[in-house]
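S.K.: Chain B: place on chain A using the hints.
The listed protein sequences derive, respectively, from chains A and B. Residue 157 in this note's numbering is what sits at position 154 of the first sequence, and the numbering runs on without skipping anything. Residue 39 in this note's numbering is what sits at position 10 of the second sequence, and the numbering runs on without skipping anything.
Just so you know, these hints were derived from the structure itself, not from any lab. Be careful, since some hints might not be right.
[What the hints assert, rightly or not] Some chain A residues close to chain B (C-beta under 8 Å, calculated; not the full set): (1) S23; (2) G338; (3) G348; (4) G350.
Ideal placement from N, C-alpha and C gives every residue a C-beta, glycine not left out.
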Amino acid sequence: MVHQYKLNGYDIVLDSCSGSIHVVDDVAYDLIAGYKTVPHDELARTVAGRYGIGEGEARECLGDIAELERSGKLFSEDDFTALAEGVKDRAPNVIKAMCLHVAHTCNLNCAYCFASQGKYHGERALMTLEVGKRAIDFLIENSGTRHNLEVDFFGGEPLMNWDVVKQIVAYARERERETGKHFRFTLTTNGMLIDDDVIEFSNREMNNVVLSLDGRREIHDRLRVDYAGNGSYDRIVPKFKELVRRRGDREYYMRGTFTHANPDFLKDVLHMADLGFDRLSMEPVVCAPDDPAALTDEDIKIVLGQYEQLAVEMLKRKKEGRPFIFYHYMLDLTGGPCIYKRLSGCGSGTEYVAVTPWGDLYPCHQFVGEEKYKLGDIWSGVGNESVRDEFRSCNACSRPECRECWAQLYCSGGCAANAYHATGSINGIYKQGCELFKKRIECAIMLQIAERGM
Amino acid sequence: MERIKTIETRNLASAKNGGCGECQTSCQSACKTSCGVANQKCEKADK
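Chain A extracted, bound-state conformation (with noise of 0.2 Å):
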């Protein structure tokens, strides 16, 4: 399947079964969108005369064109849809990645929250040492022959159950000498609780800090209040700086989340990047659609201008010597996943598992409390095996509309939950999640060919 548009100045041609990326000028771009349906005497006569070109120039390019397509890069068949099936046998239930549920309550009270300010339309709970510690050997006696293994402490606010954090840390790294197994550790925070012991522990032990921000002080504070109804930015933002000063080059995202408050997000990515921040993740807020914090249609308008406009701004900033990096526009052209990874997606119930401060099993973070969803847990194992076989058999090629989309390949077949939570189906179309990916995806494209100077 190819793929064309235009952006920042650039033709842009992807070949999406091989992965391969063309810039092409406006003559090619014209020979290639119409190479397979009009006869090619009359399509060269046409695109010459478009352009005020020799026809014989026009056939050289469609000569052109004809050994991208002799060599796989053009044009290229689908040879991974029959691996899809094999996707669901892949390594049967080993589990390697965790979202450990620390803290079902929180100290923030965000309008929002998909998880109903922390307590997951259930009840307020700390997870204790014992469940932390049987969730750790949980994970290694589940994770075969993996060797990389995943916890995020996640909540609520997992710094209200910070000792338990710190031990259960520890237990993993006595385990880890035991076992040869390797843990990395992701910590989600909003950041009220930081002090100096959570600052230097997170950057010792943490691959990964998730900080909570959602940009301009007057967005955040609109949505992020605690439980008095006060904004939280004057008392997170400089304990951000200083935990991501101390933390070296190591790995850290701020993560905001946009809303109807604020399509135009791009004020507050830069807001972030202007206050020092470097590595920047914002996202648009899942919901129902009667949520007064949902997009709108007129709000995915604005949105997908502003990722354009987010790609040229992170350009000219490059070149100004104070770039920064945006999630989602990270694409490792020559160093990406492998097909398997990118057809099975992001494993949630079968690789990747959620386990609530009592020991139970659901399928990723944005299934905790929906009962239907419990997958077991962490004592008698994944006894749900219905759920599993669901989620093993949802992948990037299960959908027929995804099976005819030129992106598959990179959002493999997309976010289980959010299809759920639209659709009421783990295998629905979230299509509004769609049209937003494909424009990160266009953008991200477009940023790896300006980077390369071409």
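M.R.: Chain B only, in chain A's frame:
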């Protein structure tokens, strides 16, 4: 004249027997709400 410039990308030949499974789970890295598989790196691509 050169009307087409091609970026050499990875031949997605890149994995055998279902892949090694050692790469980072995308949902753990930054987003938590919109899957970023494409934004990940292969743990073995440069080895």
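S.K.: So, for every hint listed, does it hold in this structure?
M.R.: Hints versus structure:
1. Taken as an interface hint, A:S23 checks out: its beta carbon lies about 6 Å from the nearest beta carbon of chain B, inside 8 Å.
2. About 4 Å separates the beta-carbon of A:G338 from the nearest beta-carbon of chain B, less than 8 Å, and the hint is met.
3. Among the interface hints, the one on A:G348 holds; its C-beta lies about 6 Å from the nearest C-beta in chain B, closer than the 8 Å criterion.
4. At a threshold of 8 Å, the smallest CB-CB gap from A:G350 to chain B is about 6 Å, leaving the interface hint in force.
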